[in-house]
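Between the sequences and the hints, there should be enough to build the whole structure, so can you do that?
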Amino acid sequence: MTVTSAPHANAPQALADEGGHGVIVARARHAFRSLLRNLARSIAIFIPVFFVATFATFLLRALSGLNPARIKLGEDATPLEINRIEASYGLDRGFFAQYWSWFTGVLHGSLGNSWANGYPISTLIRDGLTISLTVATLALILGVVCGFALGALAAVRRTTWIDRGITSFLSVTSVIPAFVIGIILVEVVAVELKLLPSAGFVPFSQGFWPWLSHVLLPALALSLGCMSSVARQLRAGLIGAYRENYVIGAVVRGLSPRRIFFRHVLRNGIGPAVAVLGMEFPALIGNAVIVETIFALAGFGQFAYTSAQTGDVPAVQGVLVISIVLVVTFNLIVNMVLGRISPAARRGV
Amino acid sequence: MIRRVLSLPAGRIAVGILSVIALLAIFGSALAPQNPFATTSAQLGHISGSHWLGTDYLGRDTLSRLLAGSRASIVGAIEVALIALFVGAIPGILSVYLGRAFEWVTLRLIDTLISLPFLLVAVAVTALLGNGMTVALLVVGVLLGPGFYRVSRAAALSVARSQYVEAAQISGASLSWIVRRHVWSKVLPPISISLANTVGAGFVVVSSLSFLGIGVQPPAPTWGGMLSSDLNYLSYQPWAPVAPAVLIILTVWACNLLADAIRDVSGDAGRAYVNARARRPALLQGGA
Amino acid sequence: MAAGAAAAGVVLAISACSGGGTINAAAVSSSPAVLKWATTFPTSWDPVVNGAGAQFRPLTLVYASLTTINAQGDPEPGLASSWTYNKTGTEVTFHIRPNLTFSDGTPVNAAAVKDEIIRGQTQQNSALLEDLEPVQSVTTSGNYNVEVYLNHPDFQIPLVFGERVLLIPSPKAAADPAKLDQFPVGDGPFIVTSLVPGQSVTLKKNPGYWDAKDIHIQTVVLSAAPSAATVVAGLETGVYNFADLAPSEAEAAKAAGLDVFVQPGFNAENISININKAPFKGNPTLIEALRYAINRQQFVNQLTFGYGESTDEVFPPGYIGYDPADANLWPYNPAKAKQLLAQAGYKPDQLTLPLVIPSATDSPEAEIVQAQLAAIGINVTITINPNWATPFFAKQLVFSLYGTTGRDSATETLRDHFGPDGVLNLSSPYEPSGFAAAVNTAEATPIGSADYAANLQAATNAGLQSEALIFLYVEPNLFAKSTSISALPGNPGHVEFTGVTINGQ
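Protein chains in written order, with this note's numbering: chain A, 1 to 349; chain B, 1 to 288; chain C, 1 to 505.
Simulated from the structure, these hints should not be mistaken for lab results. Please note that a few of the clues may not be correct.
Claimed, not checked - Distance windows between CB atoms, simulated:
1. T101/C x S88/A: 32 to 38 Å
2. L59/A x L94/B: 21 to 27 Å
3. P317/C x Q217/B: 34 to 40 Å
4. G132/B x H30/A: 52 to 58 Å
5. I13/B x F262/A: 35 to 41 Å
6. F183/C x S88/A: 18 to 24 Å
7. I248/A x S171/B: 44 to 50 Å
8. R258/A x K254/C: 55 to 61 Å
Quick reminder that beta carbons are idealized off the backbone N, C-alpha and C, glycines included.
Below you can see the structure in the form of structure tokens.
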């Protein structure tokens, strides 16, 4: 039995059902190769971004006019003293010489030493990064799970009061800045209701509940923006997918609504929602600065803030490099996931 | 277009709220019932007849401080949006005329900018370059520029290669007429949508930065700064953060609402939508 | 999407598990006698660089000093079991307890003490110059006797060689002061097991401490103090069980069922003026205008939440060094202040002064100063700079706020504020005339003798003539602690854990 006017999204599936072993192997190899191509394309975009961004962050030092002498000796330091300290940090070389040695150091994983206390910056960042990534990942999970649930629910029940309610809720949550949410959570949940602690970080090794109770509020504060973006994009994408011809075809063929949703509509409508994740992740890292201040987490964002305030330029440069790497890596993953689940997106439709 | 936006209830709400906020920005200090800088002995006072929102930790009237601080926040957000417009629109328009190499370079720069975590970069760069509000606004404006790149590039593309412009030129129409009749109506809506969204985003970033103490010059009040100091006295005034928080949320919400309203009424679909609404019987117009 | 979720889950698990990097989590969670203290970290873990300011407190966990004090403020044995003065007070010998070692194995002996004193006097970035000024030379005799020769008769030395000035690090570790800052080694009540600068420090009990039998706490974890609003919540939920507390949070702490420990001490807040810089240079009338413009009561009312009182001296009222005759030297008089400003040659709103503060927590105090000076026509611009300490101690600021927690030795406090090399004297090398003689006399008077109080107050009187300092108010340090921690000894200016038990252990 041939499949008449098989919907293009379903074509690989249908052919595989039809064709037999050889076709399946060919399909798998094709998928793998396209995955590699996708990866290569993403990396190709990543490289110039990395170069430009690292160059710009290095340019910061020259623009800022800060030097370690100022931190150690104050503003009236004599030029002689400044020169001496700068020489000890290798800052008396030409701009490009410094850039090159810093850049090659970065490629080897060394981010230099802090001007404030001489510690290697990678050590200082590493501990904070662990905390921040924990909170950010939890926030991402919360945002994705809740966002998907709400977006899907609103799309499936579109134009009913459920949909309207969810949409209004989303339009409010999408505009509340993360720090306002954080303050509300601190005040309501931690101070008034005393349900969860409002500060500090407890590592997982000290117990699941202590760990969870400390990261839950900051993760919640971070997740709301992500959740509303994902929900709105999913809702729009699903509603668009529902309007496609093949859905009518599927209904005519007698498929259950559940199967229509999970096998057809979701795969095609999910693209924008996953794509928007790529843009939400930088927002998560950015908002971490504020959320960590409110919840007293000694994380990456907090480190960035104090380094910037004290004028510790290498630390700030290190922070920026790490965040670029994080965001680009995350985008790579998102692109790959997008390519896998949404063939249409992979083809650039 | 403004008329069309106002025909939607969402549009009316948004414009209404934003007009009030704009008035606050312009006349804020004059409207303040008391001197926002005058310290009194009534520290952390409760809501009373002379202090509608109570007093802060130095006895200053909270309502007056909110009103006085409105200008800094709002003007800051508008400046950010304008800077972003400038930074994004120029490469966007130029990329249509300067060829693929230029376009490739600008696209890479745009990619870089969107991959930078916003607030982190703003905090880092601002602190290193002087911690002042001007630097902060500049940095945030540059970071928000990409939002205008795509929009202005699309607008420039549609204008540069559209046939009706060619036709108008052949038939001898003057440049200003062409711009007014064809280009403006095509370009204005998407740019205004981006502008409204960017003002909202810029407002959030400006408040976040002043919450962190960047660009704040005591004793000048800012909404974000007031929220930050309210945190220290929560046990005495648990309701204190409500006022600045609500103001911030309302403003951003109104900006986004305005952007949505403009989107709903622009383009051919938008015009049809508005006309259909106008023809619908009054009974059905509620809750649309 | 499943792959994405799985990846996220793996990242989450890994990052959560490895989050125990700096804290020896297993030991902490199973051992109940853990002190979790939220506090500010010192500028440096090298006692010579950190100096005698309040940030020395975490250092007292790691290092021991020659002497300590009791609740009355009298000197008690520390690393030194006793000391003897010669008749004229120009020479004092300290007898060090035998058979002690630093945590790196180096013996605690007279040579280590002598090295530390010399290091305090000669190290380039030493903050202890003025405190060690009376010491002319140091010799050792035998393994455990340190002979200190003084420039002039000075009976304060046992108090001076306490926690603030003479915390003794291991000489082997102190040979590289930069390394010492990254990993302090001493013979104090605790030993550092890990240190992440500015974030957390873990310490374990030192069985080799001279008073180890009175230390019942096994582990200490120091964390950076969170914002004031979250301290109480952090204590309630067990993130910390001991924390530095802002007075604005005292009510909330009590309401939450926590103990508020008011540390007795000699705190005094001041405005420091640099008379070597414009506009104060050569313009004493301007300084006088500032004096009359200050309303101390506003500071007390709005900053101390019932825990403070005003003072115009470097000591709190009631302290032995407080000179009752000097009370209210410059009463609040804005009209007179405006007059003096005009006499100093400035029209209203013509003068702008820059005020640098280290963080937003100091903003309320700075804003009060700003408001009070604005009332007489001087504009003040406030800048927040986390590196404030560097220009302050380098005497580069035009004027600044400062708060001292005092010193064990009253004359040390006077010297630090008014002496030509005083670390808290923003106007170095300025010294009010008659001060040197008066403080020498006070130091030459044995503590407890009949003239002591009078001579001390005379020295205070001489110091207060300084144009470089305006004192504002006193406010004790507050700490909030969980009720599971027993009471701390009330030794003025000290935070000690001798005899403190957690959960009765």
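Verification of the hints:
no., hint, in the structure
1, T101/C x S88/A: 32 to 38 Å, "35 Å, holds"
2, L59/A x L94/B: 21 to 27 Å, "23 Å, holds"
3, P317/C x Q217/B: 34 to 40 Å, "36 Å, holds"
4, G132/B x H30/A: 52 to 58 Å, "56 Å, holds"
5, I13/B x F262/A: 35 to 41 Å, "38 Å, holds"
6, F183/C x S88/A: 18 to 24 Å, "21 Å, holds"
7, I248/A x S171/B: 44 to 50 Å, "46 Å, holds"
8, R258/A x K254/C: 55 to 61 Å, "58 Å, holds"
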